[in-house]
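Just so you know, the sequences run in chain order A and G. Counted the way this note's numbering counts, the first sequence spans residues 1 to 528. Counted the way this note's numbering counts, the second sequence spans residues 1 to 326.
Hints in this document: simulated from the structure, not taken from any laboratory. Honestly, I wouldn't trust all of these hints.
[As the list claims (entries may be wrong)] So the derived label-pair ranges between C-beta atoms look like this:
#, chain 1, residue 1, chain 2, residue 2, range
1, A, 100, G, 31, 32 to 40 Å
2, G, 158, A, 183, 42 to 50 Å
3, G, 31, A, 509, 49 to 57 Å
4, A, 136, G, 17, 37 to 45 Å
[To be verified] Derived lysine-lysine pairs resembling PhoX-like cross-links, with alpha carbons at most 25 Å apart:
#, chain 1, residue 1, chain 2, residue 2
5, G, 76, A, 182
6, A, 153, G, 51
7, G, 51, A, 444
8, A, 199, A, 103
Remember, it's a predicted structure, so these values are computed and weren't measured experimentally. Just so it is clear, CB atoms sit at the ideal spot from N, CA and C, and this is done for glycine as well.
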Amino acid sequence: MKRRDFTKLLLAGMALPGAGFMRDGMAYAQTPDGGLTSLLAPEPPTLMLPLNQQQPTIVAGAKIFESLLDFDFDLSPRPQLAESWDISEDGLTYTFHLVRNAKWHDGAPFTAHDVVFSCSQMLMELHPRARASFERCESIVAVDDHTVVFKLKEPFAPFIYAFETSSAPIAPRHIYEGTDYKNNPANDHPIGTGPFKYKEWVRGSHIHLVANPDYYQEGKPGLTEIFFRIVPDAASRAVALETGEAQLAGWNDVENFDVQRLAALPHLEFTTKGYEFASPLLWYELNLRKEPFNDLRVRKAMMHLLDKSFIVERIMFGLAAPATGPIASTTPFFQADLPQYEFDVDKANALLDEAGLKRGADGKRFIMRFLVVPAGEMWTRLGEYFRQAMAAGGIDVVLETTDMAGWGQRVSNWEFEATNNLVYQNADPALGVARSYVSSNIRKGVLFSNTEGYENPEVDRLFAEAAVQTTREARQERYTAVQRILVEDLPVLWMTEQRYATLYDNRLVDVIVGATGVNGNLAQARYA
Amino acid sequence: MMHALRLLLGRVTGIAFAILAIATINFVLVHSAPGDPALVIAGQSGATDAKFIEQVRADYGLDRPYLVQLGTYLGKVVQLDLGYSYRQRRAVSELILERLGPTLLLTLSAFVLSLVGGVLFGALAGRRHGSWSDLTISMMALLFYATPVFWLGLMLVLVFSIQLEWLPAFGYSNMRSGTFGTFDQAVDVARHLVLPAVTLSAIYMAVYTRLMRSSLIEVQHEDHVRTARAKGLTEAAILRHHMLRNAAVPVITFAGLQAGALIGGAVVVETVFAWPGLGRLTFEAVTARDYPVLLGLFLVTSILVIAVNLLTDLLHRLIDPRVVTR
Chain A
1 MKRRDFTKLL LAGMALPGAG FMRDGMAYAQ TPDGGLTSLL APEPPTLMLP LNQQQPTIVA
61 GAKIFESLLD FDFDLSPRPQ LAESWDISED GLTYTFHLVR NAKWHDGAPF TAHDVVFSCS
121 QMLMELHPRA RASFERCESI VAVDDHTVVF KLKEPFAPFI YAFETSSAPI APRHIYEGTD
181 YKNNPANDHP IGTGPFKYKE WVRGSHIHLV ANPDYYQEGK PGLTEIFFRI VPDAASRAVA
241 LETGEAQLAG WNDVENFDVQ RLAALPHLEF TTKGYEFASP LLWYELNLRK EPFNDLRVRK
301 AMMHLLDKSF IVERIMFGLA APATGPIAST TPFFQADLPQ YEFDVDKANA LLDEAGLKRG
361 ADGKRFIMRF LVVPAGEMWT RLGEYFRQAM AAGGIDVVLE TTDMAGWGQR VSNWEFEATN
421 NLVYQNADPA LGVARSYVSS NIRKGVLFSN TEGYENPEVD RLFAEAAVQT TREARQERYT
481 AVQRILVEDL PVLWMTEQRY ATLYDNRLVD VIVGATGVNG NLAQARYA
Chain G
1 MMHALRLLLG RVTGIAFAIL AIATINFVLV HSAPGDPALV IAGQSGATDA KFIEQVRADY
61 GLDRPYLVQL GTYLGKVVQL DLGYSYRQRR AVSELILERL GPTLLLTLSA FVLSLVGGVL
121 FGALAGRRHG SWSDLTISMM ALLFYATPVF WLGLMLVLVF SIQLEWLPAF GYSNMRSGTF
181 GTFDQAVDVA RHLVLPAVTL SAIYMAVYTR LMRSSLIEVQ HEDHVRTARA KGLTEAAILR
241 HHMLRNAAVP VITFAGLQAG ALIGGAVVVE TVFAWPGLGR LTFEAVTARD YPVLLGLFLV
301 TSILVIAVNL LTDLLHRLID PRVVTR
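Next up, chain A with everything else stripped away, as it sits in the complex (with noise of 0.2 Å):
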């Protein structure tokens, strides 16, 4: 290459950033033609539902698998790939009336076999929480192309709930039986039944997924395509949606301290609904085998140190409302009437020293250790606020800090003093409460089971009889009890009720319309 050559290419690439054919970068990141880009971090280690349930595999790939039904805000059920349903006057059958003109992507029809294949054999080799649904089960049968029939061992209230799209995905028969599900080449070309079918994904970059013309509801889906953008830096997140690059966000795609400021902005909308199925519930933990905390009053004072509303406003930025008991306020059989432990710093050192924790010269009671999540900054800001919470009442915080994989391995073995911990209640407490509670899930090395260590037969009976009663009124009077013996034991400091921010593009409407919000299927999403 001449001299003058490489000059006039080093003028061209000079020149290139403010190229006028390619000069505006907005609307040339714009997904175009009634598609749109969703954010999605981390990256999916798959996107077949049905073999990995980690949140970012339930955001994609809900889009392409369904299952039976699917929830209202309320957490009603609805109709998706079961068009009715009954339940038995017993409790114990479960009849589901499939749609009849559904096909799986490759073409082939989806039946009542494929169901029972999914829930009788592949899910309960691959899926934890679906296991523990369908082992309830006595028989799972097709009396007919579609109609299936669940018959359960004894009641069981909340196994409606079973029947989400992430508790239960339903997988194509011919595809997998008889194979090596973990193997099978069908994995990195899924196939479901969901009204966007798998096209393309570029590891690093993003999935995309393509309407399906053959989706068995009219006029859906309402978008032509969706395109997942991993980005992994929160930053870089909030950026593309501030330029348009993203259309939708939704979880911890955005910083809490970062929310406020988006939403603001004239081109996006922003809601906390769609997170009721889940309903997490955040708390501060303590190992109850270790003294002091296996003294009442000392977990009393520590509720009196703690100040939910600063947590609320300073840490979570708003986006969450103070815990006043195990059940979270948008769980059904929530009880309003608790006993509630005000922040009194007064009160917490008079129940301290009542407990014989007297204060040394140097003003501190004892120490402790917290083990701090390290899952981002809200995590970090929890534990510095507990240590300056502590302090008040003369007990030395030491943070600790490790990876997530000690956190886990640390927690679920009980090595730890104090901790953080955030559990889904997933729609019923039978379901997200009770497996914090009771002693029959204390079971070491095993994550978000009861590893605080507390145990009360009264507390195993409720849960136990709450779960199997048919009508309502027996299981509110049951949880009801169980709520006010727990407040008064606090096997954890429950904190706040988590809320999640959800910011789309405000051309698009019918987003969030149900329970699942972002991880649902966005089958009615449509640019207005």
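Got chain A sorted already, so can you dock chain G onto it with the hints?
Here is chain G on its own, set in the frame of chain A:
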């Protein structure tokens, strides 16, 4: 000839042993960290199910004795098999290969940019030692040296993507670039490359600038430069033929040593700019405690660093003939 062959053979054998030693050390280090990948997978799946955790452990051989796992791993490395990702359920070599291209593009661009920029600015500053341009360049170099990489990246995005709207904020290419022609695809990637490459190169450019400057100041007082001047050569010729080449030797040596750090820096830059390279794969593998991917990445990175050092040695010989005769 025989001597050179023996030398090469010795070098290759040394490298092979070094790679095996690196693989063993990596394995021991990664597995010594507290934490169980099975629990991470179970936790992220919301699984309160001991059976599931056992299943994950059995699936990935995590339930086998430590030494058996190490032996199996080394055996596979010898056969160039890097194993299977816990999280992504795909061959590690496949995962690394598809990310290698973007990382090489980014790091090489940043390497060239920093080296060329560093030598140019350093020469300019060193040549006019004590002048305003020297002061400005030195101050800028100090500033960029002290600027955190992620912060610089975000500021560049703020200016060039949000305010001026000139360049894309992140990503490797437009998601529709598959429908573009070859030229447009190349332009598209180039536009996406500008900000991450500049971000990654800034700190190294600052280092090379300072190094080149001080090296040139030192060289210009040496005897051979004085002799060249006495011979009546022009200042430009002296600079080109007698100063730059000598002053560049420490810069090239240092640049070779920095290759590993450059790949390390790519972890941050690739995360900020959603660049689908090895750095991001490392970040994701660390978060998920995906041992096979981490070990594969460490091994490939080590080999890359060894290769760059070899290349630096060669370049050294090219620039400094004394190395060959020594």
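Hint check:
Look at residue 100 of chain A against residue 31 of chain G: about 54 Å separates their beta carbons, and that is not inside 32 to 40 Å. Look at residue 158 of chain G against residue 183 of chain A: about 45 Å separates their beta carbons, and that is inside 42 to 50 Å. Between residue 31 of chain G and residue 509 of chain A the beta carbons are some 51 Å apart, a value that agrees with the proposed interval 49 to 57 Å. Between residue 136 of chain A and residue 17 of chain G the C-beta distance comes to about 58 Å, which lies outside the given range of 37 to 45 Å.
Between residue 76 of chain G and residue 182 of chain A, the direct Cα distance comes to roughly 22 Å. Compliance with the 25 Å bound is thereby established for this hinted pair. In summary, the hint linking residue 153 of chain A to residue 51 of chain G is supported, as the alpha carbons are separated by about 21 Å, within the 25 Å threshold. Between the alpha carbons of residue 51 of chain G and residue 444 of chain A the distance comes to roughly 13 Å, so the proposed pair stays at or under 25 Å and holds. As the CA atoms of residue 199 of chain A and residue 103 of chain A are separated by approximately 17 Å, the hinted pair is consistent with the 25 Å bound.
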